[in-house]
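S.K.: If you want the building blocks of each chain, they are given just below.
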Amino acid sequence: MILTPMEKNIDASIQDEFKTALHQAVDEGHNKLILDLSHVKFLDSSGLGVMVSTVKKLGNTGVLAFCGIQEQVAHVFSLTRLDRVFNIYPNKQVALDALATPVEDSTPKGEL
Amino acid sequence: MEGDLYIRLGYTMDAMYRSITRHLAYSLGVEPSRASQRDIYLALSYTVRDRLLEKMLKTSRRYEESGSKRLYYLSMEFLIGRSLANNLRALNLYDKVAEALELLGTDVETICDQERDAALGNGGLGRLAACFLDSMASLHMPGFGYGLHYDYGLFEQDISNGYQREKPDSWISEAPALQVERTDAACLVPMYGRIEETKDKWGRSNPSWQGWNLVTGVPYDIPIAGHGGVTVNPLRLFAARPSTEFDIKIFNEGDYLRAVEQKIESEKISKILYPKDSYEAGRELRLIQEYFLVACSLGDIVRTYEKDHRDFNKFPEKVAIQLNDTHPALAVAELMRILVDQKWVPWEKAWDITNRTIAYTNHTLLPEALEKWPEHLLAKLLPRHLQFIYDINQQFLDRVVSLWPGDMDRMRSMSIVEEGPPRQVRMANLAIVGSHSVNGVSALHTDLIKTALVPDFFEMWPERFNNKTNGITPRRWLCVANPGLHDLIEEAIGPGFVTDLERLRDLEPFATDSAFCERFLQVKKANKERLKDVIFNTAVVEVDPLSLYDVQVKRIHEYKRQLMNVLGIIWEYLALVEDGVEPACPKTYIFAGKAAPGYWAAKQLIKLVHNVGNTLEDDPKVKGLLKVAFVPDFRVTLAERIIPAADLSQQISTAGFEASGTGNMKFALNGALTIGTLDGANIEISKEVGRDNIYIFGLTAYEVERMKRKGSYKPRRLYDNNPMIKRVVESLASDRFCKREPGLFAWLKDYLLADNEMFFHLADLEAYVKTRERASKEYVNKTLWAKKAVLNVARVGYFSSDRTIRQYAEEIWDLLPVLPTEDEKIGSLEYTPGDPVPIATAKDW
Chain A
1 MILTPMEKNI
11 DASIQDEFKT
21 ALHQAVDEGH
31 NKLILDLSHV
41 KFLDSSGLGV
51 MVSTVKKLGN
61 TGVLAFCGIQ
71 EQVAHVFSLT
81 RLDRVFNIYP
91 NKQVALDALA
101 TPVEDSTPKG
111 EL
Chain B
113 MEGDLYIRLG
123 YTMDAMYRSI
133 TRHLAYSLGV
143 EPSRASQRDI
153 YLALSYTVRD
163 RLLEKMLKTS
173 RRYEESGSKR
183 LYYLSMEFLI
193 GRSLANNLRA
203 LNLYDKVAEA
213 LELLGTDVET
223 ICDQERDAAL
233 GNGGLGRLAA
243 CFLDSMASLH
253 MPGFGYGLHY
263 DYGLFEQDIS
273 NGYQREKPDS
283 WISEAPALQV
293 ERTDAACLVP
303 MYGRIEETKD
313 KWGRSNPSWQ
323 GWNLVTGVPY
333 DIPIAGHGGV
343 TVNPLRLFAA
353 RPSTEFDIKI
363 FNEGDYLRAV
373 EQKIESEKIS
383 KILYPKDSYE
393 AGRELRLIQE
403 YFLVACSLGD
413 IVRTYEKDHR
423 DFNKFPEKVA
433 IQLNDTHPAL
443 AVAELMRILV
453 DQKWVPWEKA
463 WDITNRTIAY
473 TNHTLLPEAL
483 EKWPEHLLAK
493 LLPRHLQFIY
503 DINQQFLDRV
513 VSLWPGDMDR
523 MRSMSIVEEG
533 PPRQVRMANL
543 AIVGSHSVNG
553 VSALHTDLIK
563 TALVPDFFEM
573 WPERFNNKTN
583 GITPRRWLCV
593 ANPGLHDLIE
603 EAIGPGFVTD
613 LERLRDLEPF
623 ATDSAFCERF
633 LQVKKANKER
643 LKDVIFNTAV
653 VEVDPLSLYD
663 VQVKRIHEYK
673 RQLMNVLGII
683 WEYLALVEDG
693 VEPACPKTYI
703 FAGKAAPGYW
713 AAKQLIKLVH
723 NVGNTLEDDP
733 KVKGLLKVAF
743 VPDFRVTLAE
753 RIIPAADLSQ
763 QISTAGFEAS
773 GTGNMKFALN
783 GALTIGTLDG
793 ANIEISKEVG
803 RDNIYIFGLT
813 AYEVERMKRK
823 GSYKPRRLYD
833 NNPMIKRVVE
843 SLASDRFCKR
853 EPGLFAWLKD
863 YLLADNEMFF
873 HLADLEAYVK
883 TRERASKEYV
893 NKTLWAKKAV
903 LNVARVGYFS
913 SDRTIRQYAE
923 EIWDLLPVLP
933 TEDEKIGSLE
943 YTPGDPVPIA
953 TAKDW
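Residue numbers (the numbering used here), protein chains in the order written: chain A, 1 to 112; chain B, 113 to 957.
Hints should not be assumed to be uniformly reliable.
[Unchecked claim] Reference excerpt, derived from the structure (chain A facing chain B, CB under 7 Å, subset only):
#1 LEU82
#2 VAL85
#3 ASN91
#4 GLY110
#5 LEU112
[Unchecked claim] Keeping only pairs whose Cα atoms sit at most 30 Å apart, straight-line, the calculated DSS-like set for lysine-lysine is:
#6 B:LYS461 with B:LYS430
#7 B:LYS733 with B:LYS644
#8 A:LYS19 with A:LYS32
#9 B:LYS637 with A:LYS57
#10 B:LYS380 with A:LYS41
#11 A:LYS41 with B:LYS492
#12 A:LYS41 with B:LYS715
#13 B:LYS311 with A:LYS19
#14 A:LYS57 with A:LYS41
#15 A:LYS92 with B:LYS313
#16 B:LYS181 with B:LYS426
#17 B:LYS733 with B:LYS380
#18 B:LYS455 with A:LYS57
#19 B:LYS311 with A:LYS92
#20 B:LYS383 with A:LYS41
#21 A:LYS56 with B:LYS311
#22 A:LYS41 with B:LYS455
#23 A:LYS8 with B:LYS419
#24 A:LYS57 with B:LYS492
#25 A:LYS56 with B:LYS492
#26 B:LYS733 with B:LYS894
#27 A:LYS32 with B:LYS313
#28 B:LYS735 with B:LYS637
#29 A:LYS19 with B:LYS889
#30 A:LYS41 with B:LYS313
#31 A:LYS8 with B:LYS455
#32 B:LYS383 with B:LYS492
#33 B:LYS419 with A:LYS92
#34 B:LYS380 with A:LYS8
#35 A:LYS56 with A:LYS19
#36 B:LYS644 with B:LYS894
#37 A:LYS57 with B:LYS426
#38 B:LYS889 with B:LYS838
#39 A:LYS19 with B:LYS313
#40 A:LYS92 with B:LYS383
The set of hints was computed from the structure by calculation and includes no laboratory data. Keep in mind it's a predicted model, so treat the numbers as computed, not measured. From the three backbone atoms N, C-alpha and C, an ideal C-beta is built for every residue, glycine too.
Given these sequences and hints, build the entire structure.
M.R.: Here it is, written out as structure tokens:
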């Protein structure tokens, strides 16, 4: 499932909404999520917290991949060293290809 | 294309006039014929800024094309003072603007006087940074100042009944005409939060800094023009802004006020410059300020580097970072964090890069001024940086242990983390460990760093320690401050010496040329007349320009010993009124300086100076032979008025306490003779000008140190055995100088007579007074005095900040100038677009 937030800022102001959307997707049984962040210009620690909690919620049985990340979001990922944990792809197609294989065979996952 | 870009700018008188009137109308919305002096000042500033920006863009292009190494000077303070007159002289526009302003019915001095000082510093350290910027631009070096864009600079000093009162100093109204905002280069600074232990995709430990708050750093560039106006470098100052305009969540909850409060909270970071000696007051905010500067600067430096480089192998070859004191020492941890966490550089490699890039200048030997931050504060504010500090310390201590196995005392004293309680992080140790160069700012100071401050570090890394004696820019401290003397020197030895100050040596033969000396004294007299008016208008004291102007202007601090100066005045006063001994010549003692708001003893000294001055003024027996004036609100602009008028310069700190001093250099360059101790750069000044041309007295640093170590200083013995000293001290204990506030200065007797009194006031007093007497006697002999004064000017070329910067560049930074092309030098300097219409006067406009 590909989720594409249309908000420019993922911060405290939309934290609850954002969390609901992501967790709902997991609850509905989607275990391969792609978060397309190509519209997101600003991510703060609460937005990041939602992403972390979603990865945790998926556990070993699923994967949250990221694509289309912009400069500031990339900066936040590297600042937190989560770029070493998350699966990040340059665009949707590459992400889709990577996730086409079974979860356990796809790129190694970090541990949160 | 480039020609088109800059086509509107001319540098003739006509062009200046047009630009000023255009800015009056279209930037300020003011009809030129009705413009106030303030309006004209602003319009002229914008006019100059246009040209500075043109030069800055061209300089930037030149640096980019050369691919040369860049130097970043990180400093919490840049005491730039006023800019307009300095820029006009740098761009060779002063005379043309003077003519243009005449057409507007005013004059250039009046207009330049409208500018408020940018007081973004406390004293020597900040002014040094400003002088360095001037020198780097004048030497065509890619050197950039990075600092904070404080809303409020150092407080404005008011005097009420002899007491200092502090008022906020908002220079920000000046700023728009000086700077450009660079929102495109804004950076996000994380702070607070926690470390989550995670595992990366390869199963390795991966500490993750999460839960931080973000603050935005918005850069403002102030163009700094080098001499000749060809090279213009930016001084980049960062202002703190919220990362989003308002916290929308709070805003949406309807709590508008709380949302605004949050915004204000972020902006607090760059709101105010902390006065020195008052860091304790806002401890956490001060640490945040230091980190904010470091994070914004490093972010910007790395981003600039990455424009041309794909990896960090060449970082130390392309980037040099100088830490102005320990205030930006977190740069060591921040650069490590960026390289290791964000750029995936292995730790050892990152450490090598960091160490080869950063250098540290020490500015103080005072133990209380050596910064330490509680570990818990760092853990709260910068949890990830603290981890890096621990790792750096561990690696460093492993090395110490391998060199000195079992030497626990050494390990304890060298450790970056000081055992508690409370455990604290020693910023000087962090800076030394993280830098490839550690320098002091005068020969004596560097020696004391090696032998007394951090001898263990010197033993470990002797090659790391070096001296860079401070300097001052002759453009500001001669050309702008004392144009009369500049012109006289130029007439005597020809042009060019302001960029090659050692050429002042050519002036030596003129020291015995009576016609030259006569004119030299005339220039001094004119400067003294000018200062007389300033003193009358601000301190309401009428002084005689024929008297000896004996000047001590600097921050008020016990170690600088303004108190000893006052004791000397009281000594002379009592000799006059009780013994009938007149001074050799009428004397005016001029003081100026600010005391940190929380520094009680320093504030009492200001009151004492006033009260002694009033007592002398009211005593008919003094007959005007002795005067004391305290000129309020000491700042760069006031220094520019006072220093050229001084006959005698007081540099009387307790030996071993003043790192360098730069005031001493400014006075000597302006033809004042120094009376001073063998402290800081006084020693080197003495060597340069010759012992016959300076008045040296007092204990040496090593004598002071020995007495301290032995605990052998007993001032009461001096008091008991010397009736003159006793009389001076007793006069303070009595109410002679505080009739309306009995007992006000009684504490000074206990203070001065305490065993091992920190600053050795009475130990040096007699020698000081005798040396002053000698100076006064020599002052009466005008030929002798002029000769000595001229020799001082002739022999202080070494103290140009150009020399200092060349030494930093060659010996620490490995930085080369990027010289302008011939085209750039002639460039559009004289270009004026053809305009058939004759210029309109303001009236016709």
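S.K.: Looking back at the numbered hints, which does the structure fail to meet, lowest number first?
M.R.: Hints 3, 9, 12, 17, 29, 37 and 40 not satisfied by this model.
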